[in-house]
Structure formats: structure tokens, C-alpha cells
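Each protein sequence line maps, in turn, to chains S and C. At position 319 of the first sequence (counting the first as 1) the number is 319 in our numbering, and the numbers step up by one without a gap. At position 234 of the second sequence (counting the first as 1) the number is 234 in our numbering, and the numbers step up by one without a gap.
Keep in mind that the hints were calculated from the coordinates and are not lab data. Where is the CB? At the ideal position from N, CA and C, for every residue including glycine. Honestly, I wouldn't trust all of these hints.
[As the list claims (entries may be wrong)] Below, simulated DSSO-like cross-link-like pairs (lysine-lysine); rule was C-alpha separation at most 30 Å, straight line:
#1 Lys223(C) / Lys780(S)
#2 Lys86(C) / Lys780(S)
#3 Lys450(S) / Lys253(C)
#4 Lys66(C) / Lys39(C)
#5 Lys450(S) / Lys223(C)
#6 Lys13(S) / Lys565(S)
#7 Lys774(S) / Lys223(C)
#8 Lys454(S) / Lys253(C)
#9 Lys565(S) / Lys633(S)
#10 Lys780(S) / Lys216(C)
#11 Lys66(C) / Lys5(C)
#12 Lys253(C) / Lys774(S)
#13 Lys63(C) / Lys454(S)
#14 Lys39(C) / Lys63(C)
[What the hints assert, rightly or not] Quick partial rundown of chain C residues pointing at chain S, CB under 7 Å, derived from the structure:
#15 Met38
#16 Pro177
#17 Phe193
#18 Leu241
#19 Ala245
#20 Ala249
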Amino acid sequence: MSNADTGIGASVKRREDLRFITGEGTYTDDLNQPGQTYAAFVRSPYARARIDAIDVSDALNVDGVIMILTGADMAADGLGDLPCGWMVKQKDGSDMVTAPHPPLATELVNYVGEPYALVIADSRHAARQGAEAVMTDFHELNPVVNLASAAQSEQIHAGIPDNRAYDWELGDKPATEAALAGAAHITRLDLINNRLIPNAMEPRAALGVYEKGTGDYTLYTTSQNPHLERLVLSAFVQVAPEHKLRVVAPDVGGGFGSKIFVYAEETAVIWAAAKVGRPVKWVADRSESFLADAHGRDHVTHVELGLDQSGRFVGLKVQTTANLGAYLSLFGSAVPTYLYGTLLAGQYRTPNIYVEVQGVYTNTSPVDAYRGAGRPEATYVLERVVETAARELGRDPADLRRMNMIQPGDFPYQTPVALVYDIGDYEASLDRALEAIDYQGFPARRIASKDQGKRRGIGFACYIEACGLAPSQLAIQLGAGVGLYESGEIRLNPTGNATVFTGSHSHGQGHETTFAQIVSDKLGIPFDDVEVVHGDTGRVEFGLGTYGSRSLAVGGSALMMAGDKIIAKGRRIAAHLMQASVDDVSFEDGKFLLAASNQSVTIQEVAFAAYVPTSYPEDLEPGLSEKAFYDPKNFTYPAGTHIAEVEIDEATGEVDLVALVAVDDFGEIINPMIVEGQVHGGLAQGVGQALLEHGIYDEQGQLVTGSLMDYCMPRADNLPDFIVDTTITPCTHNPLGAKGCGEAGAIGSTAAVMNAVTDALGVKDLSMPATSEKVWRILKGE
Amino acid sequence: MYPFKYHRPTSLEEAASLYNGSDDPVYLSGGMTLIPTMKQRLAAPADVIDLSGIESLTGISVKGDKLTIGAFTTHAAVMASADVRKHIPVLAYLAAQIGDAQVRNRGTIGGSVANSDPSADYPAAIVSLGTTIHCQNRSIDGTEFFKDLFETALEPGEIITSIEFSMPTRAAYRKFPNPASRYAVVGVLVADFGGSIRVGVTGAGPCACRASGMEKVLNDNLKPAAIDAVEVPDAGFNSDLHASAEYRAHLVKVMAKRAVAAMLEG
């Protein structure tokens with residue numbers, strides 16, 4: 001049996017796409033329950049205010065309104081706060097300072113859109129009418145909106161001076177400062193990493209069901225990690241004990257990180273289902289998504305890079321203020337620290353690195369992981385300062401990078417910022433990218449552009465990321481509240497086909513296809529005979545979900561281990577069937593082969609024998625179902641080079657991205673087509689950050705970019721035809737040799753595009769996004 | 001959306017009578033502004049009077065040197081019309097720049113013009129292409145139609161029935177789109193009526209208007225560079241997160257020069 005067309009390495013078309021593109025997907029809002037009610041949240045119109053009184057009498061009189069629940073009701077029921085899942089230790093060794101985060105606000109509201117009550121009604125319309133009829137007396141307080149001055153502003157949370165959640169550091173400060181003091185040249189740069197608003201195509205939604213007869217709860221919701229959702233809701237919020245709560249994340253239309261977190265809304269919905277005694281549904285509209293989904297990025301950074309006479313990097317010092325929003329979201333503390341500071345070595349042998357990060361609260365939506373999560377911010381800092389150094393020194397930016405790159409012989413490479421890179425070949429992807437963009441031809445293209453009134457620029461980003469989160473013990477040592485292994489289970493059915501369970505979750509990644517390819521390839525059974533089940537705590541034993549480009553490297557590896565166990569047990573059954581010794585039985589392409597004979601039995605025959613054990617080893621359990629938990633030994637380190645070329649219209653300041661090359665090393669690739677699609681999507685988001693997207697609050701803390709009319713998402717006509725290629729150094733420590741590809745596009749491209757824009761303009765920096773007016777003002781010399 | 005009563009009259013008279021009989025009526029044409037506004041609960045009319053049932057409002061016809069477009073004609077229909085492409089190609093080009101395919105298939109010329117959105121595309125054509133706005137009982141000169149931000153010469157209850165265009169010998173429209181909404185940050189239409197130049201500007205100020213200063217210099221010297229000499233003060237121009245008044249004033253000149261160049265290139 002050959003699986004050449006469907007096995008590992010084949011560009012199998014995504015089997016899930018047919019239902020998605022024909023409207024047959026089942027999203028949370030497609031699910032309906034008998035007797036279902038609808039929830040609408042009452043949200044703060046102010047960025048910061050005290051709630052003096054809530055009057056629900058008018059709202060209760062709205063036709064169809066059944067019940068109104070407030071933060072006080074939730075507190076009275078003893079529900080806990082929404083937790084932050086990652087404890088960050090401060091410079092002085094103390095714990096970060098976490099502000100209490102009740103799912104529904106009680107006394108104070110701290111950002112526009114923060115929910116403080118919910119209205120349950122017979123219809124969506126009645127719920128909304130009811131929500132509008134809730135009368136609340138607010139006492140407005142001065143909001144803290146500006147990140148740079150947040151520490152000097154009014155204190156938002158009691159007991160948290162300077163609005164600072166933590167003051168964190170990593171690396172050797174004295175050594176780095178000494179290295180900078182002795183450097184032949186120091187390049188300094190002040191950078192802003194703009195706030196982004198995720199905008200998954202499907203807004204968040206939840207449907208809570210409570211069975212009075214059994215006391216069972218079921219929550220259907222848009223989650224990237226249903227088991228973690230269940231864990232948080234039972235262990236921390238204490239809605240229901242874990243064994244009485246099932247969380248189902250059905251088809252989910254994109255997440256980009258924003259659906260990792262446990263939010264107020266699904267918490268309130270599952271709690272309310274028991275209060276009302278009827279199922280409760282809530283579906284966000286786009287305006288709610290803008291206000292109440294966790295946002296991304298939002299850093300202010302000062303960076304200094306020291307170089308010696310020859311151009312070697314001798315020291316890197318980074319000082320960042322990170323906006324955490326009004327509360328610490330689930331991973332909000334880790335993103336600007338462990339997923340950021342640890343990446344500042346990049347692809348280079350910089351011997352001394354020091355980073356300090358102040359995490360501060362503001363009266364804005366909480367900020368948490370968004371595609372790349374910390375790593376795009378790190379790459380932006382490093383690759384912008386490296387490119388700037390090359391310009392200041394009159395060096396070719398590719399050459400300066402090349403001379404500082406970690407070489408293939410240096411692995412495993414211990415960086416000064418905690419990580420140990422296992423493998424890579426950074427020059428290979430740089431060379432391939434230079435060829436793809438035709439770097440030699442750039443000067444001629446620049447002249448041709450100039451003749452047409454356009455300024456052309458080219459920019460590089462040689463990025464690295466740490467994926468495959470994460471070795472559990474290391475993660476827990478660093479403050480993670482859970483281990484970050486993954487589970488996989490392969491259940492061979494009596495007829496020989498397989499049902500595969502994974503604890504990772506697909507919300508656009510195509511796991512139903514790639515994971516079937518892996519199992520089909522591993523066990524030699526037809527691709528179409530493998531069904532992948534995910535996203536249901538009632539069906540999948542456990543899982544940590546999908547984020548940080550971890551699903552294949554961690555979840556896929558768990559399936560490989562489960563496959564090994566299937567084969568091991570199958571050998572014993574096969575040996576019995578062939579009346580031979582186990583040691584003489586090998587497995588290949590779906591067949592158990594007896595050495596020195598032409599005898600064999602298929603895995604399907606073995607599966608049948610396992611469930612109909614007429615002739616079966618006496619000491620062996622029936623059945624052929626195996627599970628495995630894979631705990632990664634290290635992070636994986638995808639890396640690559642992105643090169644952007646832009647043309648700027650001198651008359652209008654418009655930036656036209658004319659070429660974007662991405663050459664990435666993702667290790668071994670299961671499905672090249674899906675990988676290419678992931679890269680395309682990531683690049684679009686990275687370009688969006690550089691040129692188009694910006695979440696803006698005004699001085700009063702109102703979100704100015706609260707709709708797609710003002711928040712500019714990238715569209716196809718903003719983008720060139722991407723040139724995408726890969727180089728491969730297989731990951732050394734997982735059975736697939738895979739590293740992960742989900743975020744790379746958004747990690748490298750932003751810095752590459754901004755390096756190209758600043759190159760074209762001949763300026764050190766301009767803040768993202770590089771809108772036409774900003775560029776025009778630079779062109780006219782402002 | 002808040003609850004409302006929906007009506008679909010089949011004649012102008014019926015529409016007007018429904019309008020006059022309501023405390024808080026609104027006409028619905030393509031609905032590309034009204035429906036989103038209602039969905040966001042920013043508008044709560046009591047009665048929505050849908051004009052789609054009035055057949056006389058749709059269609060494109062040519063009579064002598066005038067081309068007339070029914071108010072309910074969609075942007076897609078204008079884009080695709082052989083008559084428009086033959087006699088006023090700039091109008092087909094302009095219609096193709098509006099919104100996206102969905103908007104062009106629903107949005108109507110009458111709805112757009114009656115709304116007087118400061119960043120809509122059509123108003124640039126209305127003020128520059130020698131137009132007459134026909135309503136039930138009167139006609140309004142296109143240059144007199146737009147009064148202010150979302151304000152027109154229409155009386156309450158008045159319906160645009162059709163718009164009559166003169167045919168320029170040549171013309172061109174250039175637009176600088178808002179990257180998010182794709183509305184015009186600035187749009188400039190330059191038309192040549194047998195040696196007499198008219199320039200219509202949308203997006204810059206509270207409503208579309210003619211740029212008489214530019215017309216004057218272009219009548220003397222029909223070249224893009226002639227625009228350089230024109231002062232475009234930004235006083236009263238729109239200023240928002242996407243473009244300041246100063247930038248808009250600059251873009252008016254750039255788009256005007258590009259429109260002149262495009263027109264001369266044919």
C-alpha cells in the first residue's frame with residue numbers, strides 16, 4: 001500500500017474545506033438547543049468609572065426579558081476571578097502584582113466595553129433591548145490611556161502603585177552595559193509596536209447548557225483550547241467541577257490567539273444557564289469583538305546595539321514598556337516577557353544581552369497573545385536596530401547580518417537569554433531569499449522607480465521564533481500555571497479504520513488533513529480511513545490546545561508516539577496470528593512481516609483480531625487503542641529570512657509593497673500546500689501591522705478604530721504575489737523533525753516591510769503603520 | 001435594529017403619501033448607508049419606505065446630448081451600461097471605484113447622491129458634469145444640490161427620480177481611497193466640455209463642490225502642471241484619523257493633476 005499521494009510530504013487538499021466553503025461548517029452560532037435563551041452584555045461606556053447604582057427595573061419590564069444578572073450576583077454565587085495563567089517574577093524576586101479581574105465588573109469599570117451585567121431574554125432582540133434599558137449611575141474617573149506616561153498617571157487598581165504589574169529583567173545587565181561602553185559604535189533606536197485588534201472572521205460566541213437532572217454543564221464556545229477553558233472554569237472560576245463540565249469548541253472561524261483566553265462572556269453564559277434553567281446563547285457582533293477581544297502588541301521600546309570595529313555585535317540592551325490593558329489576560333503577562341525577551345538573540349551570536357520590561361495597566365482592553373505573541377515584537381526590535389546599524393556604518397545589511405549569524409557548527413547554541421537553539425542554517429535561508437528577490441538587481445530597480453517619481457526601498461528581517469510550547473518543567477519553572485505537553489490517541493476500529501483524537505485544536509490550520517496524513521503514513525492505512533477528532537473535552541482525553549505554532553511539533557509528536565504503541569501491540573498480535581516470535585515480526589507500510597518468510601498480516605487484520613480475539617495471545621488485553629502524552633524536550637526554532645521591497649509615491653506618500661519574499665525553515669513539512677497557506681496568512685497580518693492596522697484610543701479611552709470602516713485590515717489588493725520558499729533543518733528532538741509554521745509570516749514580515757519603508761525614505765524610523773499621510777509628512781521634510 | 005414598519009410602495013405618489021403619514025419616515029434605496037446605521041442602532045426610523053418597487057426609477061436612457069440615469073439604478077448597472085461607457089465613460093469608471101462588488105450591486109446612484117456623504121464618489125460627477133437632479137415635482141441644478149455634510153437641496157419627502165448628465169468631450173476621475181473603507185479621502189473629476197473645463201471635488205470638504213480656481217487656470221492652460229499655481233486652502237476641510245485637512249488639500253491638487261493627465265492621455 002503506497003501513501004505517496006496522501007502521506008507525509010504530500011500537498012493533500014484540505015478535507016475540511018468542502019464543508020467550510022459550501023456553508024456546511026458547524027460553528028457555535030449554528031448550534032441551537034430546545035428552550036434556548038439569548039444573552040446580551042451590558043458594557044461600560046467609560047474607560048474608567050465607579051458604578052454607583054444599577055437599576056434594572058425598566059429592563060426587566062422589556063418584553064421577553066427573563067433575568068438580569070450583575071457582577072454582584074456573580075460574586076454572591078462565589079465565582080472566582082478570571083486568572084492570569086503565567087506568574088512573572090519581578091527583578092527583586094517578588095511576584096507580579098495582579099489586579100482582581102471579576103468576569104462581571106462590580107464596583108469599578110476599567111475599559112470601554114467591560115461587561116458588568118447580562119440580560120437573558122427569549123430573543124436576541126429582547127436581550128439587546130433589555131441591555132439598553134439597564135440604567136447605571138457611573139461616577140467618571142480620569143482614565144489612563146497613554147502607555148508612555150501610564151506609570152506617572154493616576155493609580156487604576158488599589159494596591160498597584162505606578163500602574164505597574166511587574167518590572168522584569170533577563171540577561172546580564174553589568175556585562176551588557178560594559179560591552180556597550182566598550183563598543184566601537186552604538187546604534188540607538190526608539191520604537192513603538194502598534195496595538196492590533198485581532199478580528200477573526202467568526203466573532204466569539206458561547207452556548208451554555210445545564211442539565212438539571214444530572215447536574216452536567218456543557219459549554220459550546222469559540223475556543224482554541226477547550227480543555228484549558230474547562231480547567232480554568234472549574235479550578236479558578238469554579239463554575240462547575242471538571243468532571244461535570246464539558247467544553248466543546250466546534251468549527252471555529254479563526255483565532256490568531258484571541259480565542260486562547262478564557263473571557264468573561266463564556267464564563268457568564270455557562271453560569272447563567274444554570275441560573276435560568278434554560279440554555280443561554282451569546283454571539284458577539286463585530287463592534288463587541290473590537291471592544292472586548294484581547295488586543296495584541298502595544299509596546300514602547302528603547303534599544304541599543306553595540307558593535308565592534310569589524311561590525312560584530314558585542315551587546316544588546318532593550319528597555320520596553322508593555323501595555324497589559326486594564327487586567328492581566330490569561331497569558332498577558334508571559335507574552336511581553338518570556339515570549340519576547342528570550343528571543344532577542346535572534347539569529348546572532350551577540351554575547352551580551354539584557355532586557356527589562358515594565359508591564360503596565362491602562363484603561364484599555366486587555367492585551368494578550370496575537371499571532372506570534374512576543375516574537376514579532378522581539379523580531380521588530382532586533383531587526384530594525386540591526387538594519388539601522390548597517391545603514392549607520394555604511395554596511396550592506398545582508399553582509400552585516402551574515403557575519404554575526406550563528407553558524408551550523410555552533411549548535412546546540414546557548415543564547416544569553418535562556419534559550420538553547422537545537423539546529424538551524426540561517427545563511428541558507430538568507431541566500432535563498434537574496435536570490436529570490438534578485439538583490440543584485442535592486443539598484444537598477446531603484447533607479448527605474450525614481451524615474452517614475454517613486455522611491456524604492458528594500459528591507460530585511462532574519463527572524464527566529466521559539467515554538468512548540470513547551471517543555472512542561474521549564475515552562476512551570478518560568479511561571480506557567482500548567483504543563484504544555486499534548487495528548488494524542490489512535491483508536492483502530494475493528495474494521496481497520498482509525499479514529500484519531502488530538503488535544504490540539506484546528507480553527508483554520510487544517511489538522512483534520514495533516515494529522516490524518518501523519519497517522520496514515522505511520523500506520524500504512526489509507527488517508528480516507530483516518531478520522532481526526534478534536535475540540536471536545538467529552539471525546540478527547542486532555543489537551544492544551546493550539547497556539548504558539550505548537551500543534552504539529554507537540555500534538556503531532558504525541559500521535560507518532562501513540563502510533564508506536566499501536567505497532568508494538570500489533571506486533572504481538574501479528575506474531576500470534578503467524579505463530580511466530582515477536583522478535584521476528586517487523587512492521588512496514590501497513591503490514592506486519594515475518595522475517596525470512598513471505599508471510600504477513602495487515603494492520604486491518606490485526607485490528608480485527610484485537611476486537612474479535614478468536615486466536616489471540618493469552619496475556620494480552622483485547623482492543624487496539626493507544627494514547628500518548630508528548631512533552632517536548634525543548635522549544636523548536638523555526639527561522640528564516642523575509643525581504644520586502646516597497647515603492648513610495650512621492651506625491652501622495654502611498655506605500656506600495658511591490659515584493660515580499662519569505663524563505664523559512666520549518667523543519668520537516670507534512671503538507672507543503674497548507675504550510676504555504678499558513679505563511680501567506682501570516683505575511684498578510686505582518687504587512688497589515690506595518691502598513692495598515694492600528695488600534696487607537698482617544699484621550700478619554702474611547703476606541704476610535706472600533707469598526708472595519710476605520711480599522712484597516714489588509715486585503716488582497718494591498719499585497720503582492722508572495723514569493724515563498726523553504727529550507728529544511730529537521731528539528732532534532734521530536735519524532736517528526738517539525739518546528740511549526742503558523743506564526744512565522746507575521747513575525748518576520750513586519751520588520752522587513754518597515755526596514756524597506758525607512759530605506760526608501762532615508763529616515764531612521766517612523767511609527768507603524770506607515771500610512772500615506774505620515775510618509776507624506778516625512779517626504780515634505782517635517 | 002430597532003423595530004420599524006416596512007413599506008414597499010409601487011408608485012411615487014404612494015411613497016410620498018406613506019412618507020407624509022409617518023412621524024418618523026425614511027426612504028430606503030440601496031440601503032448601503034441606512035441599513036448599517038440601523039443595524040448599529042444609530043438610526044431608529046418608525047417607517048422604512050423601500051423604493052425598490054417603483055419601476056420608473058430604474059434605467060438608463062440617452063436623449064439628444066443628455067444621458068439620464070434612473071435614481072434606483074445600481075452602481076454595477078452604471079458600470080456595465082453600454083450607453084454610459086459610450087457617452088460618459090468617466091461615469092462608468094467612477095462607479096467601478098465605489099465600495100466593493102456587494103456595495104455596487106446594491107447601492108444606487110440616487111441613494112448615494114441624496115445622502116451627500118462627504119466622501120462618496122458620485123457627488124464629484126454631479127457637480128462637474130452639467131447635471132440636473134429630477135425630483136417628483138421639480139428639477140435642481142447639480143451645482144446647487146449639495147448644501148453641507150449630509151445635507152442637500154431636497155425637501156423632506158422629496159425623492160430623486162433621475163439624474164440627467166451632459167456629455168463631456170472628455171473627462172477623467174482620480175480618487176485617493178481611504179485604505180479601510182475605500183471611500184474617497186479625496187476624489188477629483190475633471191471634465192472638458194468643448195474647451196470649457198469643470199472640476200468637481202469630493203471628500204475634501206463637508207460636501208462636494210466645484211473647484212473654480214482650478215477651472216480658471218485649466219481653461220487658460222490645460223496641463224497638469226497648471227494646477228501647481230492654484231492655492232487650495234484647507235480651511236473647512238474634513239480632518240479625521242485617516243487624513244488631516246492639510247493632507248486632503250494636498251491630495252486635491254495631486255488627484256486633480258492626475259485626472260488632467262489621464263484626461264489628456266485619453
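Just pull the numbers of the violated hints for me, sorted ascending.
-> Violated hints: 2, 4, 11, 13, 14, 15, 16, 17, 19, 20; rest satisfied.
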